[in-house]
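Asker: So the chains spell out like this:
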Amino acid sequence: MQIDWLQFTPWSALLGGALLGLASGLLALLAGKIAGISGILGGLLNAQSDMQWRAAFLLGLIFTPLFWMAFKTPADIQITANTPTLIIAGLLVGLGTRYGNGCTSGHGICGLSRFSIRSLAAVASFMTAGFITVLLTHHLF
Amino acid sequence: MQTIVALLTGVIFSLGLIISGMVNPAKVIGFLNLAGQWDPSLALVMAGGIATATPLFMWAKRRQQTLLTHEKMALPTSTIIDRPLIGGSLLFGIGWGLAGICPGPGLVAMAMGESKAFIFVIAMLSGMFVFRLLPK
Numbered sequence: 209m210q211i212d213w214l215q216f217t218p219w220s221a222l223l224g225g226a227l228l229g230l231a232s233g234l235l236a237l238l239a240g241k242i243a244g245i246s247g248i249l250g251g252l253l254n255a256q257s258d259m260q261w262r263a264a265f266l267l268g269l270i271f272t273p274l275f276w277m278a279f280k281t282p283a284d285i286q287i288t289a290n291t292p293t294l295i296i297a298g299l300l301v302g303l304g305t306r307y308g309n310g311c312t313s314g315h316g317i318c319g320l321s322r323f324s325i326r327s328l329a330a331v332a333s334f335m336t337a338g339f340i341t342v343l344l345t346h347h348l349f
Numbered sequence: 366m367q368t369i370v371a372l373l374t375g376v377i378f379s380l381g382l383i384i385s386g387m388v389n390p391a392k393v394i395g396f397l398n399l400a401g402q403w404d405p406s407l408a409l410v411m412a413g414g415i416a417t418a419t420p421l422f423m424w425a426k427r428r429q430q431t432l433l434t435h436e437k438m439a440l441p442t443s444t445i446i447d448r449p450l451i452g453g454s455l456l457f458g459i460g461w462g463l464a465g466i467c468p469g470p471g472l473v474a475m476a477m478g479e480s481k482a483f484i485f486v487i488a489m490l491s492g493m494f495v496f497r498l499l500p501k
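In the order they appear, the protein sequences are chains A and B. Quick note on the working numbering: the first sequence kicks off at 209 and runs consecutively. Quick note on the working numbering: the second sequence kicks off at 366 and runs consecutively.
No lab work stands behind these hints, which were simulated from the structure alone. From the three backbone atoms N, C-alpha and C, an ideal C-beta is built for every residue, glycine too. Incorrect hints may have been included.
What the hints assert, rightly or not - Derived CB-CB ranges, DEER-like:
| no. | chain 1 | residue 1 | chain 2 | residue 2 | range |
| --- | --- | --- | --- | --- | --- |
| 1 | B | E436 | A | P292 | 41 to 49 Å |
| 2 | A | W219 | B | A391 | 38 to 46 Å |
| 3 | B | G401 | A | D284 | 13 to 21 Å |
| 4 | B | R427 | A | I325 | 16 to 24 Å |
| 5 | A | D258 | B | I446 | 25 to 33 Å |
| 6 | B | I487 | A | Q286 | 14 to 22 Å |
Could you put the whole structure together from the sequences, leaning on the hints where they help?
Answerer: Right, dumping it as structure tokens:
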């Protein structure tokens, strides 16, 4: 392993992470909800009764980038995967996060912050799968 | 009130994804790429997130009611580690590693006008629909 010092952005990572934690903690404390994006999306698709807060959270999530781009330069976004890979990846992410009941936000930030053993197992599983997948796709095939 | 809290926290969450750099799939892949040039940024995103959220969750756990909306506090309490949890997380991890995109950054990248993120989000929503059709 070699650390990629050119790409490493410690301060913006910490600051952005702190904002993710702040948003997740506040949503739990003030409104009793978990800021898990896959859970919020899945609940909307299932047409559950508590649609309003889910829609409001997603509205905030989706409209903020538009305001950001109006005042700041657009964020750097490089997607290297081709279309078939994106479709397979999307299907796996959609299916997997619903089966596993969460993703990087719900299990990662919210789950680990409330010391959930279930979330720890989930995070260990998806991290391991992610590491192995990149190892296979970038180094062996 | 709950709607306003959700809207504002959605805005903060989105800013967090943009500022942290996690809307860029290349950075996520850089973190998952242990055997290559490794970018540790995502570890610091998680560290910053957990350090900030932990005291707030500890406070929330001690309360019977939510602080602003005064509803019954109902955070998840399950400790069951079962096959759907692990299997689902493994599937998610494979998809995450293939494209470098997880649900939140996918939505934000799509909102920034990335056509490839749009394809990913449509596939992700399809996957969520398929989940409803499959036996649990």
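Asker: Now, for every hint given, state plainly whether the structure supports it.
Answerer: How the hints compare with the structure:
no., hint, in the structure
1, E436/B <-> P292/A: 41 to 49 Å, "holds (45 Å)"
2, W219/A <-> A391/B: 38 to 46 Å, "violated (19 Å)"
3, G401/B <-> D284/A: 13 to 21 Å, "holds (19 Å)"
4, R427/B <-> I325/A: 16 to 24 Å, "holds (19 Å)"
5, D258/A <-> I446/B: 25 to 33 Å, "holds (26 Å)"
6, I487/B <-> Q286/A: 14 to 22 Å, "holds (20 Å)"
The structure does not agree with numbered hint 2 stated previously, though it agrees with all others.
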